[in-house]
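Residue numbers (the numbering used here), protein chains in the order written: chain A, 217 to 668; chain B, 170 to 503.
Hints may be right or wrong, so weigh each one.
Selected chain B positions facing chain A (Cβ under 10 Å, derived; list incomplete) [to be verified]:
no., residue
1, 201
2, 272
3, 311
4, 316
5, 317
6, 372
Please keep in mind that the hints were generated in silico from the structure rather than gathered at the bench.
Using N, Cα and C, we set each Cβ at its ideal position, and we do this for glycine too.
Here is how the chains run, residue by residue.
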Amino acid sequence: MPTRRLINRWWTHALTACFFLLSVVPSAVFAANEVIATNNCHIVSSLYGVPYPGIPGDDSVKKYGVTRDVNSYYARFKDSMAAAIKNDGEASIRAAAFGAYSHCATITVTPIEVPYRNGSPVYDLLSDNTLVLASLISSPRWRAGWVNSNPDPSCDIARSGSVEIIAVSSIYAPLQKVNQPFHHFSDESVDLINATCLAGGKCSIRLSGPGGIDGALADVEPGKVVSGLRAEVTCDGAPSDKAVTLTVEANANTGGHNHHDSARPPGSLSPASGNSPVTFSFTAPAPAGDHIVTAKCVDGSCGEDTGKVWVGVKDLYQLNGSTAYELIQPNADVFHPGNHYLTANASIVLQGIASEWRTLYKPFGPVLHLNDASLERGGYFDIQRLWNRGEHAEHRRGTVIDIRANNLPGAIPRGDFKDFERAARKYGAVARLHKKNTELQHYHVRLFGRPE
Amino acid sequence: MKSHLYLRAILSAMFLLTLLFIPVTHAIAEQEGITRDMVTGDLIVTYKGVDDQGNEVFQKVIFIPGTKIEPALKSKFSFDRNDRFQYRYKLTNRSTSQQNIDLIILMASSVVSESIAIPEKWNGTMSINIEGGGNRVAWAHWKRGDDYAGLAVGRSESGFGYKSSDLPGVGVVQLSGATPVFGFPDEGPDPESEVGKQLNQLETNDFVPRLAAIPRIPNPAPFNAVVVLGSIQKHVQEDMVAMQLIDPALLGLIDRGLTQAIAAAQIGNTPSLLHEIKNLRKLLKQEHADVDQDNDGDDDDKEMQPNPRIAKLAAKVLDFDLKYVEKRTKKNKD
Numbered sequence: 217m218p219t220r221r222l223i224n225r226w227w228t229h230a231l232t233a234c235f236f237l238l239s240v241v242p243s244a245v246f247a248a249n250e251v252i253a254t255n256n257c258h259i260v261s262s263l264y265g266v267p268y269p270g271i272p273g274d275d276s277v278k279k280y281g282v283t284r285d286v287n288s289y290y291a292r293f294k295d296s297m298a299a300a301i302k303n304d305g306e307a308s309i310r311a312a313a314f315g316a317y318s319h320c321a322t323i324t325v326t327p328i329e330v331p332y333r334n335g336s337p338v339y340d341l342l343s344d345n346t347l348v349l350a351s352l353i354s355s356p357r358w359r360a361g362w363v364n365s366n367p368d369p370s371c372d373i374a375r376s377g378s379v380e381i382i383a384v385s386s387i388y389a390p391l392q393k394v395n396q397p398f399h400h401f402s403d404e405s406v407d408l409i410n411a412t413c414l415a416g417g418k419c420s421i422r423l424s425g426p427g428g429i430d431g432a433l434a435d436v437e438p439g440k441v442v443s444g445l446r447a448e449v450t451c452d453g454a455p456s457d458k459a460v461t462l463t464v465e466a467n468a469n470t471g472g473h474n475h476h477d478s479a480r481p482p483g484s485l486s487p488a489s490g491n492s493p494v495t496f497s498f499t500a501p502a503p504a505g506d507h508i509v510t511a512k513c514v515d516g517s518c519g520e521d522t523g524k525v526w527v528g529v530k531d532l533y534q535l536n537g538s539t540a541y542e543l544i545q546p547n548a549d550v551f552h553p554g555n556h557y558l559t560a561n562a563s564i565v566l567q568g569i570a571s572e573w574r575t576l577y578k579p580f581g582p583v584l585h586l587n588d589a590s591l592e593r594g595g596y597f598d599i600q601r602l603w604n605r606g607e608h609a610e611h612r613r614g615t616v617i618d619i620r621a622n623n624l625p626g627a628i629p630r631g632d633f634k635d636f637e638r639a640a641r642k643y644g645a646v647a648r649l650h651k652k653n654t655e656l657q658h659y660h661v662r663l664f665g666r667p668e
Numbered sequence: 170m171k172s173h174l175y176l177r178a179i180l181s182a183m184f185l186l187t188l189l190f191i192p193v194t195h196a197i198a199e200q201e202g203i204t205r206d207m208v209t210g211d212l213i214v215t216y217k218g219v220d221d222q223g224n225e226v227f228q229k230v231i232f233i234p235g236t237k238i239e240p241a242l243k244s245k246f247s248f249d250r251n252d253r254f255q256y257r258y259k260l261t262n263r264s265t266s267q268q269n270i271d272l273i274i275l276m277a278s279s280v281v282s283e284s285i286a287i288p289e290k291w292n293g294t295m296s297i298n299i300e301g302g303g304n305r306v307a308w309a310h311w312k313r314g315d316d317y318a319g320l321a322v323g324r325s326e327s328g329f330g331y332k333s334s335d336l337p338g339v340g341v342v343q344l345s346g347a348t349p350v351f352g353f354p355d356e357g358p359d360p361e362s363e364v365g366k367q368l369n370q371l372e373t374n375d376f377v378p379r380l381a382a383i384p385r386i387p388n389p390a391p392f393n394a395v396v397v398l399g400s401i402q403k404h405v406q407e408d409m410v411a412m413q414l415i416d417p418a419l420l421g422l423i424d425r426g427l428t429q430a431i432a433a434a435q436i437g438n439t440p441s442l443l444h445e446i447k448n449l450r451k452l453l454k455q456e457h458a459d460v461d462q463d464n465d466g467d468d469d470d471k472e473m474q475p476n477p478r479i480a481k482l483a484a485k486v487l488d489f490d491l492k493y494v495e496k497r498t499k500k501n502k503d
């Protein structure tokens, strides 16, 4: 990182009559000052220039311009500069700059964001004699301000002021590098709004992965790790080694959870930063859901890219209605409305137990009343909305289901408990009473006889 | 001065009390684990759970294993006219058992549906063994409201059976003793915790295994000697060896004989195939004189040798399978 020293000086050489200036202001051909830079391009730009007094002997670094309305100015600026470059070249620009030199006010364009508010340092001078904007460049909110430093009392009327510029769609700042001709409008001009080099340096970042459901970067089961995710920066189509930072967050109301708060675990990325290309892995949290990975360049110069990682257990199916059992619906837990999901094989086992219970054991009694199985994508069924802790720790993979066994209608009668346990075991399942001797008593049935 | 002495006495007493209490508090500190009651054989499971207020507390439940039984199981198998094999079992709950037997489970390569033989007071089910393939056959004793119902100690029951199109091999039958309903005041231990894993292991293995003749050798239709002999060889090499039913020296002889029989079957050399089968059966008969007798199974009562190199059940199963191949080969030849 180059060393920087802040420059906070205002023009001291406003030389000509302010009346001239004030008469010109409404017509708005004030020299523009868009001395703005991006970190990667080290931009110094201005429309009309005089040597910047802060850097004796270095007339390549300029800061000029006056305008009240960047938007309206910009249209003229772009056209005139294009014409100037095309027709007259640099000499024309110099001439125009000299004309503006007579203004008694200067305009600076500053970002609004703290700490660079009005009058604060706007530019940093880098060790390589380029100027950079000492703030985020991605913000479209800029303030055009002017300060009249002419000591002539007649200039007091236009001593200072500012207007906020909100609707700037695009500002192209010409690029000037060290040792390049003054106001050399190279093809490396910069779109200040998007903070990317338009040509010769336009950068973008792209996420990729092994692929997944619904265009996801990847699929991964809760608690598991998926590798092979990648963030890659290219500038003008060529790979770049820009520093990249990665973040991830869970999408609200996904994965069968109709609740969301800041405690929802987002999972983790490893590594979460590095130089492009960054190959990283994602460790999924216990709850299922969509997780959004965002990749950015540290210097903000390449925009951002986002991608989804699908976290869940695949191939879970909602239990259909059956004469052999009854689904307890609607689910009293409004935060997890879809609670009857099982794997296909687990459904077969359940159907076997329920059918036998219906035909052999209880032909005249209540059918099995089924409560919580798994959520639509499995993962931690946080019935207490604690995300990755609390009860229902096992209802994650669609092989476990709760069956009513209390005093409510449809419950397995106490006298049949042992028969039900035997019936379950005949099909390879293990049924154990949970919340025993409470009003929430139920059979927790591991349909394959093992925990999830 | 006097008060100073009092103070010293109090401090000394406090120190002594502290010393006394430290080991006491250590002794009563609970921790997760499973311990066995040396008198009853029951398992006391202590785990971190929650009380009815949701507070984390140590919970304690008693897991009574269904393994306090000493069962004996005899297998009988025969060939019927419909090209199917009849399997029958006699279960005895020996007098040394402490529990009634209420559940019998086995996994077979295939079972003919609706062929389950069910004794009185029992029910039987044949289902698909989803994870392992083949069929799952289970009998459960039932008597509503009686958690401990089952085949009583000292009693036998012989009405269990089914049919299959597959030949017998040796397999494990899971037998469980009747236990009371087991449950937790909450949702039980975290299945990922050490105690949770141990309890899962206990529940998974909560049965007493007994070996029996079970359909394990696929028998394709039409009959294919190469396939059947290949399955027999695989069963001997893998299952019988794993169950330690055969001596390595005898295994070598049988394996070689089966390889030669398969080679003969592959080239259609029936005389050679029959010769190899005859030799193999002779080997088995040298180990168990009554290996080809249709008796009740696996009692080693008529031994040719004091220490046979193959378990009798394995020998009988193998002999039966070879006899079947021999019979079908002769039939095809005719």
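Outcome of the hint check:
Against a cut-off of 10 Å between C-beta atoms, the interface hint on residue 201 of chain B is violated, since the closest Cβ of chain A lies about 15 Å away. For residue 272 of chain B, the suggested interface contact is upheld, since its CB lies about 6 Å from the closest CB of chain A, less than 10 Å. Hint status for residue 311 of chain B: holds, given a least beta-carbon distance of 6 Å to chain A, under 10 Å. A least Cβ separation of about 4 Å between residue 316 of chain B and chain A falls short of the 10 Å threshold, and the interface hint therefore holds.
Checking residue 317 of chain B against chain A: minimum C-beta separation of about 8 Å stays under 10 Å; hint holds. At about 6 Å, the closest approach between the beta carbon of residue 372 of chain B and any beta carbon in chain A falls short of 10 Å, and the interface hint on this residue holds.
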